[in-house]
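Listed here are the chains, written in short residue letters.
2 protein chains.
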Amino acid sequence: MSDDSSAARIAVALRQWIAQAPAEAKLPSTRALVAQYGASPVTVQQALRSLAGQGLVETRPGVGTFARAVRVARSNDYGWQTEALGRAGNLLPELPAALEPVSNDVVALHSGYPDRELLPGKLVRAAFARAVRDDALMGRPQTAGNPRLQSWFAAELESVTPAGVTPPAPSDVVIIPGSQGGLITAFRALVGSGRPLLMESPTYWGAILAAAQVGVTVVPVPSGPDGPDPDALRRAFAETGARAFYAQPSFASPTGALWSPALTEQIMQTIRGHGAFLIEDDWAHDFGITADPRPVAAHDDAGHVVYLRSLSKSISPSVRVAGLIARGPARTRILADTRADSMYVSGVLQAVALDVVTQPGWGTHLRRLRQQLKARRDLLVTGLREHAPEVRPVSVPQGGLNLWARLPDTVHFGQVIRECREQGVIIGPGDEWFPAEPTGQFIRLNYGGPHPGAFPDAMRVLGEAVARNGERVEQLVRTV
Amino acid sequence: MSDDSSAARIAVALRQWIAQAPAEAKLPSTRALVAQYGASPVTVQQALRSLAGQGLVETRPGVGTFARAVRVARSNDYGWQTEALGRAGNLLPELPAALEPVSNDVVALHSGYPDRELLPGKLVRAAFARAVRDDALMGRPQTAGNPRLQSWFAAELESVTPAGVTPPAPSDVVIIPGSQGGLITAFRALVGSGRPLLMESPTYWGAILAAAQVGVTVVPVPSGPDGPDPDALRRAFAETGARAFYAQPSFASPTGALWSPALTEQIMQTIRGHGAFLIEDDWAHDFGITADPRPVAAHDDAGHVVYLRSLSKSISPSVRVAGLIARGPARTRILADTRADSMYVSGVLQAVALDVVTQPGWGTHLRRLRQQLKARRDLLVTGLREHAPEVRPVSVPQGGLNLWARLPDTVHFGQVIRECREQGVIIGPGDEWFPAEPTGQFIRLNYGGPHPGAFPDAMRVLGEAVARNGERVEQLVRTV
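The listed protein sequences derive, respectively, from chains Z and W. First residue of the first sequence: 14, per the numbering used here; consecutive thereafter. First residue of the second sequence: 14, per the numbering used here; consecutive thereafter.
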């Protein structure tokens with residue numbers, strides 16, 4: 014039995030022993046090794062044979078086994094790769110600030126993820142315990158997804174579909190491994206490299222990253238606290254011949270905008286008029302506070318809206334499951350793309366997602382979550398108004414996880430962010446949310462993160478940093 | 014509380030009721046609905062309000078609630094999408110035969126996946142039970158992966174690294190969600206759309222699919238039971254200026270080839286000489302039978318070999334976890350690509366994978382698996398020789414899951430496959446494994462599938478079909 018993991022383990026341990034031993038050192042006897050590793054003599058012999066095969070030891074019959082190798086440490090030279098890889102045609106951005114890991118004891122306002130206390134931990138634990146006993150554990154699901162989970166996503170959209178509009182069928186749903194993969198699939202299948210894609214500016218940085226990955230040509234459309242400018246959208250379609258618009262109509266990240274029914278109607282007229290797709294990212298579906306999300310997809314049965322809803326943020330980062338709803342040939346292309354990309358989504362994760370959202374406790378959790386988000390948002394807004402009056406919220410969001418706020422133009426932006434960080438308050442510059450040049454000094458404050466009790470203090474830190482670094486600029490100006 | 018899932022569920026049920034009810038039908042009273050759905054009156058009222066908002070019901074105060082909508086069934090017209098989507102520049106292949114779901118009672122020799130009885134079900138169950146109690150359940154792992162799992166992948170390769178070669182560091186490992194994503198990432202990050210990629214022919218269909226998805230230009234290199242032709246490889250590099258070669262050096266799918274040390278050395282000389290990458294897909298690392306896998310990556314510390322090893326096939330299709338080992342700028346590009354694609358891999362799945370492979374039971378499982386695969390392979394080979402002597406195995410594989418065999422050129426191929434299927438024996442045509450034209454009538458028989466006891470019978474079915482359809486061709490020839 015040569016492919017034995019015990020033998021491999023012994024071999025690794027002996028390699029380390031050899032690396033530190035003097036040249037020609039004698040290895041412990043087979044008997045000693047058997048005792049030391051609790052393995053059979055056959056296994057030990059196998060480990061020694063493998064080391065001999067690698068030239069690390071040599072066995073002198075009747076005498077023993079001796080270390081042979083002298084490993085010379087060298088610095089690696091990968092220079093040849095520069096030519097092989099060529100110019101980075103499409104070099105991807107660095108790790109965005111929103112993904113940067115930080116220690117537990119800081120107030121992390123930069124992250125895009127909800128804190129653990131906002132997640133349904135008990136439901137997830139129970140769902141995994143059930144899934145482990147389920148057939149899905151060792152099985153391979155269908156590529157389009159677990160049919161019951163497809164039905165659930167379709168029913169969710171059906172429940173808000175007005176009369177006269179045909180709701181989506183379960184077969185219109187494709188289950189995908191998280192929303193990032195969904196954005197890539199939608200951009201690649203519906204737009205494609207080199208073709209134009211309209212996007213709000215500012216918009217979700219993950220979508221900007223996905224656009225860079227696919228190589229679409231991003232056309233920014235100005236967007237504010239009420240959503241995108243419908244006239245600018247119309248002009249952008251007309252000027253570029255684009256056939257797709259990516260947007261977050263409900264509690265957009267970072268602005269928090271919720272499209273009014275009137276704006277939705279205007280935008281859908283433009284979409285229909287240009288024979289185009291709206292790629293709707295309903296990322297905050299479960300994060301309503303003083304309003305409910307308004308999925309635009311519920312108002313379309315002509316295949317114009319391709320709808321993406323992820324459960325990773327609502328259930329657990331471990332449950333990478335999302336649903337993509339599309340109709341007609343668009344669905345066919347999306348299914349082919351996601352199949353080539355990931356083949357299928359883990360059956361266990363699909364079973365867990367379905368279990369969690371169909372428990373009676375899910376409704377209870379969402380109700381509690383709404384209260385928690387409201388309290389957190391209000392604490393942050395109050396703290397900001399009280400302690401950092403120069404930082405102006407663009408609006409008070411009716412849902413989502415983020416407050417989008419603007420610093421005075423005269424303030425030294427980078428210095429404020431550095432000083433906050435030195436005092437344990439992590440704030441991400443808003444620049445990452447702009448697919449084009451930022452239009453001001455914005456910050457996105459996530460009130461879904463850890464330590465909400467420290468929000469007032471954090472805002473005081475921010476306010477003081479702004480006051481300090483604003484004055485300096487003024488002094489400079491005066492001196493000049 | 015308006016975003017209430019109970020209310021949504023009642024609304025969906027009532028929509029169905031309304032769809033089947035006559036126009037103007039009176040809905041059951043609130044009290045009746047409260048009793049029927051076991052919900053509170055507030056929840057029922059909320060459901061009715063949402064239906065009223067959608068124009069589906071109207072409430073006449075003091076009288077009751079009445080159905081209003083008359084939904085007209087229409088056929089959908091998605092014709093406009095044809096123009097918006099444009100020409101399918103890169104239309105992906107249909108569902109490959111190897112992924113086709115079939116019923117449980119057939120002998121499925123076409124699938125690429127091992128049967129449940131070959132998977133470590135008990136270890137997986139126990140690992141999930143532990144992971145549920147773990148911190149990873151609700152957390153977000155680092156983008157490069159769980160550091161302990163990175164170390165495990167590095168140590169596995171280190172255990173077969175010869176003296177004088179620097180083994181990979183844990184930080185050279187990137188954890189990715191399954192090997193399909195790994196192929197796409199490697200092809201996109203190291204080659205890129207429109208640039209040439211050398212591939213064995215025949216080779217793994219998933220890699221052919223990944224190449225189509227990324228849009229690389231595939232350059233086929235002939236490969237047989239001993240691996241790729243080193244002279245053809247050299248010419249292909251010289252003629253195309255390619256900088257990468259994708260291959261499966263250990264138990265290649267479909268041929269079963271295991272590269273000899275001499276061939277490995279020849280190929281690595283070519284790779285180094287052309288300043289190129291070898292993208293090594295060690296898919297069958299845990300499926301050795303009469304030989305162990307020989308990772309080429311263990312012989313390279315200059316960053317030429319980018320190594321991919323998946324655990325989904327060895328652990329469970331639910332545990333979509335793989336490790337990609339690359340050094341230097343190649344690793345940087347790969348990490349940026351996979352981050353843009355999927356951000357990170359489910360922490361639970363990583364914890365489960367690490368748990369399974371570090372249990373003492375894992376070694377026991379691998380030993381038993383080796384015996385099972387040997388018995389299954391031998392049963393199939395014997396059955397083939399005995400009952401279908403006209404079907405010639407290209408070789409008896411020393412590992413992997415597949416027997417690659419050739420039918421006489423005179424046999425009506427499609428007819429044989431159809432007749433086998435009619436008798437419950439599913440065989441996939443070998444054509445899908447060729448990135449170029451097939452060089453003969455090949456079939457790939459997976460001996461890892463269900464019902465090994467029926468292998469002899471299945472080979473009898475195959476043999477009879479071949480005999481029948483070979484004769485017919487001969488008769489036709491004679492008549493002419």
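Be aware that one or more of the hints could be misleading.
Note that the list lumps identical chains together, so a pair holds whenever it fits in one copy or between two copies.
[Said to hold, decoys possible] Derived SDA-like pairs: lysine to any residue, alpha-carbon spacing no greater than 25 Å straight-line:
1. Lys-135 x Asp-148
2. Lys-39 x Gly-177
3. Lys-387 x Arg-62
4. Lys-387 x Gly-134
5. Lys-387 x Thr-452
6. Lys-387 x Ala-97
7. Lys-39 x Gln-384
8. Lys-387 x Glu-252
9. Lys-135 x Asp-147
10. Lys-387 x Gln-29
Calculated from the structure, these hints are not laboratory results.
Practice prompt. Any hints from earlier that this structure breaks? Give me their numbers in increasing order, please.
Written response: 5, 6, 7, 8 and 10
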